[in-house]
Amino acid sequence: MNLNRRNFLKALGLTGVAVGAGKTLNATSVKKDSDKEFYAILYDSTRCAGCQGCEWECALQHGLPDPDLEDIPEVGKIRKTDENRRTVINVYSTSKGDVYVKNSCKHCNQPACAAACLTQAMHKTEEGPVIWRDRKCMGCRYCMVSCPYDIPKFDYHSSNPDIQKCDMCWDRVKEGKLPACVEGCPAGALSFGLRRDMIAEARKRINDNPELYHDHIYGEHEAGGTSVLYLSPVPFEEIGFNTSVMNKPYPELTKGFLYSVPSIFVLWPAMLLGIQKATSRKNNQTEDENE
Amino acid sequence: MKMSSSDIVLSKENDRKSIRSFLVRELKPKGKLFTPFNLISVPVIIMGIIIIVIRFAKGLGAVTNLTQETPWGLWIGFDVVTGVAFAGGAYVITFMVYILNLRQYHTIVRVTVLNGFLAYVFYAGALLLDLGKPWNVINPIIGNSFGVSSVLFLVAWHFLLYMIAELIEFSPAIAEWLGAKRARKILSGMTLGAVILGITLSTLHQSGLGALYLMAKEKIHPLWYSEFIPILFFVSSIFAGLSMVIFEGSISYKVFSDQISAKDHKSHHNIIHGLAKVCTITMFVYLFLQILAFVHGKNYEYLGTRMGNWYLAEMLGFVLLPMILFFYSYRKRNLLIIKVAAIVTMLGIIINRLNVTIIGYNWDAAVQYYPTWKEIVVTLTIIFIEIWIFRWIINRMPVLREAPSWAKY
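As given, the protein sequences belong to chains A and B, one line each in that order. The first sequence begins at 18 in our numbering and counts up by one. The second sequence begins at 6 in our numbering and counts up by one.
In case anyone wonders, no lab produced these hints; they're calculated from the structure. A portion of the hints provided could be inaccurate.
To be verified - Some chain B residues judged to face chain A by a derived CB distance under 7 Å, without partners named: (1) Leu65; (2) Val142; (3) Ser155; (4) Val156; (5) Phe261.
Stated by the list, open to error - SDA-like mimics (lysine to any residue), calculated; alpha carbons at most 25 Å apart, straight line: (6) A:Lys94 x B:Gln73; (7) B:Lys379 x A:Asn226; (8) A:Lys97 x B:Ser410; (9) B:Lys35 x B:Ser410; (10) B:Lys222 x A:Asp99.
Remember, predicted model here, so these are calculated numbers, not experimental data. Beta carbons: idealized from backbone N, C-alpha and C, even for Gly.
Using the sequences and the hints given, assemble the complete structure.
Here you go:
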C-alpha cells in the first residue's frame, strides 16, 4: 500500500476525530444503562436537638471555616447557607413547640441546576448526590436562578469564585461511608440509605407514631422527588419550607422550548428560502412580462 | 486559487508603503475632538475601565449589589437581555430586504446589521464581565462539557454563530473599504446564506432569552411569568429592534448627514413610515398575546396591588399607547410622532425586560436588588465604547454613504 507521510497523518487525524465524536455521541446512552439506585438522607426534625453538630462536621469535612459560636439558631432569626457554609440549622416556634430544621441542598432527582448548567459543572451523579465541578464552571450563576430552593451560593468576594453547596459528601459515599453530617449527628436525626428504603422508613415512623408526625414526607414528590427527605411534627409551611414548589421536575419547564429547537432549525431555513425564491426579482419580472 | 489578505490590499495599492500609510490614515481620528459626546463619554469610559479592573481583582461583590438571592442584576437584565432585544432590528430588516425582497429598505440594511453586530459583540462582552470564571467560557464551545439540556447553552452557541453570520452580512462593506474587489464578490455571495442562518438563530435566541427564566417559576411575579415568555420575548424583539432602527436612524441622519445622498434622505422618510406600520401590527399581536397570558394565568387578583398597577402602567402606557401613536402617525405621515412612539416603545421594552429579570424577580424578597452606581457606569461604558466604534466605522466604510462605483450591481 502506498501510504506516504501526508496521507498517514490525514488518516490518523480522521480516526482521532471519529473516535472523539463516537465517544461523546455514545456518552448519553452509556449512562442510561446504569441500574444504580439513588441514595438519600432522611432528616427527622422531631429528633433534632439543634446542636449544630452537622454544621461542624460539614465545615471540617469540606475545609470550610468553623461555624461562628455567636451565631446560633434562634426563633425569629433565619440563618442561611452561604459561600462558607453548606448546611445550617434554624429553629421555628410552632403549634407543637420549638422545632429545629436543617437546611441544605435537597439533591433533586432531576435537578434544575444541572439542567440549567451549560458546562455540566452541576452534575447529578449516579449515586444521587448533585455535585459541582470547579474546572467546568464558568460562574454564570444560572444554577442559582433556576434552583427553586436557592441552594447554590456564589463567592462574590473572590477573583476566582466557587459555587458552594452540599455534595452529600460524594467522595465518602463512593467509598461506602456515610455523609459527614449523618455520621456526626449525636441525636440520630439523620439517616442515610437507598432512597426507596428511606421513604419506607419515613412511612413507618409516621404510621408507628401518627400523633408525633405530620403525615407528609417532604421531598417524596416535591420538585419531582429529592434525595433529602424530611419529617416534621407540624405542616411544613410552619417551619419555613417552600411549599409552593411544584411536584413536577423543574427541567420539564424548559423541555417544550428545547424540543421546538430542532424543528425550527429544519423548518425555518426551508421556509425562508422558499419565500425568498417566491418573491425574488426574477419571478416578479416574468409576471410583469405576462401582464 | 488562494488569495491572501495582502493580495487583496495590493490590488488597490501597489507597494507596502502605501498600505502602511493607508492604515495610519484610517486609524487616525476624524472630525472634531471636543464634541459634547466626547467630553461626556471619555471620563465615563475611563472610570468604567477602572471599575472593571477592580471587579476582576476583587470579585463581583466589590462593585455590584448582587446577592445570593439575586444572582443576575443590571449587567444581565439590561445589557444582555434588553440589549439583545434592541439588536433585533438586524434580523427583521434582513428578512424584509433579502427574504421578502422589499428593495426600498435596502439603504438601511448595512447600518442596521452593523448596529446589530456591534450590539452582540458588546453585550456578549458584558456577559464576560458578569462571569465568575470567564476563562472557562470556552467550555460550552469546545471540550467535553456540553450542557445540551441548558437553555443558556443554546443561547451561548447562538450568540457566537449569530455574530459570525452578521459579520458575513456586513463584510462586503469592509471589502469595499479595503478596495478588495474579489473578496467583495465572494463575501456578497455568502449574504443570503448568512441571512437565512441569522434569522433562524435570532428566532431561537430572542425567545431563548425569555426561556432562560422558565425554571424560575416561583421567583418571578405571576404577572410576568407564564409559559409564553419565549414567544412574548420573540414578538417584542421585532418592534423593539425596529424602534431602535427608527431612533438610531433619526440620530444618524442628523449626525452623519454629510454622508447621505439627497436621494437616500428622501427615501428615509418612506422607510420610517413603513417600519411604523410593521411596529403597529407586531405590537397589536404582542398586546393580544399579553392579554392571552393574563387571562390564561387567571391573574385578575393581582390587579389592585402595587405590582398590578405597575403591570397596567406597562401594558397601557408603554404598549397600547405607542401602538396607537404608531398607527396614528403612519396614517397622518407624521415623522415626529413616529419618533416619539419609537422612544416610548423602547422605554417599554426596557421596563418589560427589567420587570422579568430584576423588578419582578424575587419581588417579595426582604432585601431588594438595586444596581450600584458602579454597575451603571460600566453599563454606560459599554454603550459609549460601542458608539465610538460605530462612529469610527461609519466615517470610514461605506455604510451610510453609497458604495464605491465598482461595487454597484
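Checklist entry - Which earlier hints turn out false for this structure, listed by number in ascending order? => result 5, 7, 8
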